[in-house]
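There are 2 protein chains.
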Amino acid sequence: MLAEIITIGDEILIGQIVDTNSAWIAQKLNENGIRVKQITSVSDERSHILESLKAASQRADLIIITGGLGPTKDDITKKTLADYFGVGFRSDADALEDVKKIFAASNRPLLDVNIRQADVPENCTVLRNKNGTAPGMWFEYNSRVYVSMPGVPFEMMYLVEEEVLPRVKAHFRLSAIVHYNILTAGIGESFLAEAIAPVENDLPPYIKLAYLPKLGQVRLRLSAYGENEEKLRQEVESYAERIRSIIQEYDVVHDDKPLEKAVLDYMQQMGVTLAVAESCTGGYLSHLITQHPGSSEVFLGGAISYSNDLKKTMLNVSDETLARFGAVSEETVREMTAGALGNYHSDYAIAISGIAGPGGGTPDKPVGTVWVAVAGRNKVETRKFMFPGRRQQNIERAAVNSLIMLLKLVREDHG
Amino acid sequence: MLAEIITIGDEILIGQIVDTNSAWIAQKLNENGIRVKQITSVSDERSHILESLKAASQRADLIIITGGLGPTKDDITKKTLADYFGVGFRSDADALEDVKKIFAASNRPLLDVNIRQADVPENCTVLRNKNGTAPGMWFEYNSRVYVSMPGVPFEMMYLVEEEVLPRVKAHFRLSAIVHYNILTAGIGESFLAEAIAPVENDLPPYIKLAYLPKLGQVRLRLSAYGENEEKLRQEVESYAERIRSIIQEYDVVHDDKPLEKAVLDYMQQMGVTLAVAESCTGGYLSHLITQHPGSSEVFLGGAISYSNDLKKTMLNVSDETLARFGAVSEETVREMTAGALGNYHSDYAIAISGIAGPGGGTPDKPVGTVWVAVAGRNKVETRKFMFPGRRQQNIERAAVNSLIMLLKLVREDHG
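Protein sequences, first through last, are from chains A and B. Following the UniProt record's numbering, the numbering of the first sequence begins with 1 at its first residue and continues without gaps. Following the UniProt record's numbering, the numbering of the second sequence begins with 1 at its first residue and continues without gaps.
Keep in mind that a hint or two might mislead.
Copies of the same chain are indistinguishable here, so a pair counts whether it falls within one copy or spans any two.
Restricting the straight-line Cα-Cα distance to at most 25 Å, the calculated cross-link-like pairs of lysine-lysine (BS3-like) are [as the list claims (entries may be wrong)]:
(1) K214 to K28
(2) K73 to K54
(3) K101 to K214
(4) K130 to K384
(5) K79 to K312
(6) K169 to K54
(7) K54 to K79
(8) K379 to K73
(9) K54 to K37
(10) K312 to K365
(11) K408 to K231
(12) K79 to K100
(13) K54 to K312
(14) K208 to K408
(15) K101 to K37
(16) K257 to K214
(17) K100 to K231
Just so you know, the hints here were simulated from the structure itself, not pulled from any lab data.
I would like the entire structure built from these sequences, with the hints used as guidance.
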């Protein structure tokens, strides 16, 4: 069972927006045992859309299309789909009701172009969109299923979860897929590959191992495809155990969740709280944590002490420390954690201070120099990093490494 | 002059990573007058990669390929490219030197698989990668140019800027492209379209108008393609002026930069500073701001007062206010801005408190309720929003709207 995703819209092809929809849809399809064969982004251009639809239908059983359903002239997906299927249009009563509701709720006048949003190709089953004015559309044509949805992420997400996936499950007989993730840190991809080669060479053809390097970590992913989910799971787990026994010291988490979520969940289980003191990461670490619902059980908040003044007023870093060692120093991050623990009354604290770049580097402390401290009630761990990247990469690496250090410390305290 | 981007790697197709590379590359190509016809993501599968290369070469002059160049078994791009071009391999001395340097610098042992990273298809010109072990590769074949780069973003970015773009400019005769962006807020896409229809209908065929809706804003983008850049720019500006005179009250910024960067630049010009007090946005607003180099000229820092306790200790919000009106209230965000201005000594402050969801909603204050205050030394503006989205969308909308409110206030003070 193969799927393809086609995103339509000039905004992706000129790079004005990043296509996050496709990754999200791909993840959902994978969880349900549907392999995504190709993701294609094309512009709002009739002939190219038709060509992409035809090419996708030759490779896949399910074609998911997003974008190009707005009311304006540059949105031509609906018209092009009708041409592709060789059908005309009908006005859909349910879709029109949804459009009217949206406009009534926001007190905006209903324009002609909006009423026309309820016009759909004759062969379509409308997937009702409660969050926007463009309905989702389901088509069955030449033994393929086509789904068209608006490109606005939360409208698309709602449609996929509530309308598309239930229909896809009912329509196709799906083979099982089982993933197992092992997040490693502190070991390079090639060294890792050499270490676990004996296991990799033993894998049967229906179990694949992928290396997903990211910011100094490597995520190993075992994926098994087949019919018997329980049997696949057992097999995958036994290979995963072999891998984990080889690389134990580099094994961070084996949940299929982001690192920060794994840290949050572990701290919540242990009943402990966290405050942060961010300088060069400028809120990124806090955002990483608070993007997860329920993070407030663990995360109390913290200081974005971007300026030196705020390191003093918010975190009680001493004038002397700043003058003698500088803002990017072991002493400063130590005092930042002490200030965070003291002022914010958390069980643990993270402090980060560094030079994210591109400016601000010196011969002593070049761009990429980052000091991290993690502290509990009884212990402070500090570490200096020299990251090789650009601003955003340095920020992300600093945040990720601080979380790895924190997890280690909390585990020691509660192991 | 058309280009296509092909990203290779299972991690995109299972949705484990978002393809940010393609957007970045597309942006760079566009800035240089190269239109991206299609972006394609395929898995590490030989026949499918070959098929994609062939299809892309039938539509485009330049094919940019990222990913699949790691040292591990699942990375097969290089081998597949050699097959596509019908050539063997050679070891490249420069590439080998770069590999050795990287390993020497990090004190890691040089493995056989790493030495093989310097093996390249015979017909390739090596693009030296100073940030990683996989060299970039440039191929000319059947009047098309193919470029292959590693998928690690900062390695790819370096190669594009330093190696690929200069060569592309030298190799192709490029037609000019001019963009003009107008960011609007507070007006729906269809209402906007109706308002500016007279201008849109007047546009010549070589000037396109796109509507890019995002989080309650609509970005209008005029794009002109042709030979004479200066003439295109004048034409585009004259259409843009007509549009801006129609929609003036909704016109936020017309720079081709993100909203927060426009706000930062304006505040820097005015010589004023900013502190923030974030509750439900949890660091997202600070991160949005501090991702930009030089933001420290304006941004001092602030409080992530996620818990109620921290609203009191960090921002002096009174017990009485919290008890009587709750954390999500006009009174609380007012006091948060006062606390931020007072404690952090900035000229302006933003405070945000709301219910991002999915939990925490009540009949009185459902999920999506967000109070924002922006304050200068003489004035506080507050506003209540009711956002319809999911957690991340609510967080983003709150941050974006707070920036629009702030820009308005700073402009009033300095207009």
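Within a copy, between copies, both or neither: which one fits K100 and K231 at a CA-CA cutoff of 25 Å? So K100 and K231 fail the 25 Å test inside a copy (50 Å) and across (44 Å) alike.
Intra- versus inter-subunit Cα pairing at 25 Å for K73 with K54: Answer is within: at 24 Å inside a copy they meet the 25 Å cutoff, but 32 Å across does not.
Within a copy, between copies, both or neither: where do K257 and K214 come within 25 Å Cα-Cα? within (14 Å within a copy, 27 Å between copies)
K79 and K100: within-copy, between-copy, both or neither at 25 Å Cα: This pair counts as within: shortest intra-copy Cα distance 22 Å, inter-copy 56 Å.
K54 and K37: within-copy, between-copy, both or neither at 25 Å Cα: both (14 Å within a copy, 17 Å between copies)
When no copy is named, should K130 and K384 be tagged within, between, both, or neither for a Cα gap of at most 25 Å? between (50 Å within a copy, 23 Å between copies)
When no copy is specified for K214 and K28, does a C-alpha distance of 25 Å or less occur within a copy, between copies, both, or neither? Classified as both: same-chain Cα gap 21 Å, cross-chain 23 Å, threshold 25 Å.
K54 and K79: within-copy, between-copy, both or neither at 25 Å Cα: Within one copy only: 16 Å inside, 29 Å across.
Using 25 Å as the alpha-carbon threshold, which applies to K79 and K312: within, between, both, or neither? Classified as neither: same-chain Cα gap 61 Å, cross-chain 56 Å, threshold 25 Å.
Give the relationship of K101 and K214 under a CA distance limit of 25 Å: within one copy only, between copies only, both, or neither. Between copies only: 21 Å across, 44 Å inside.
Homo-oligomer pair classification [K54, K169; C-alpha up to 25 Å]: within (23 Å within a copy, 34 Å between copies)
Could you figure out if K408 and K231 sit no more than 25 Å apart (CA to CA) within one copy, between two copies, both or neither? Close neither inside one copy (33 Å) nor across copies (61 Å); limit 25 Å.
The structure is inconsistent with the numbered hints 5, 8, 11, 13, 14, 15, 17, although it conforms to all the rest.
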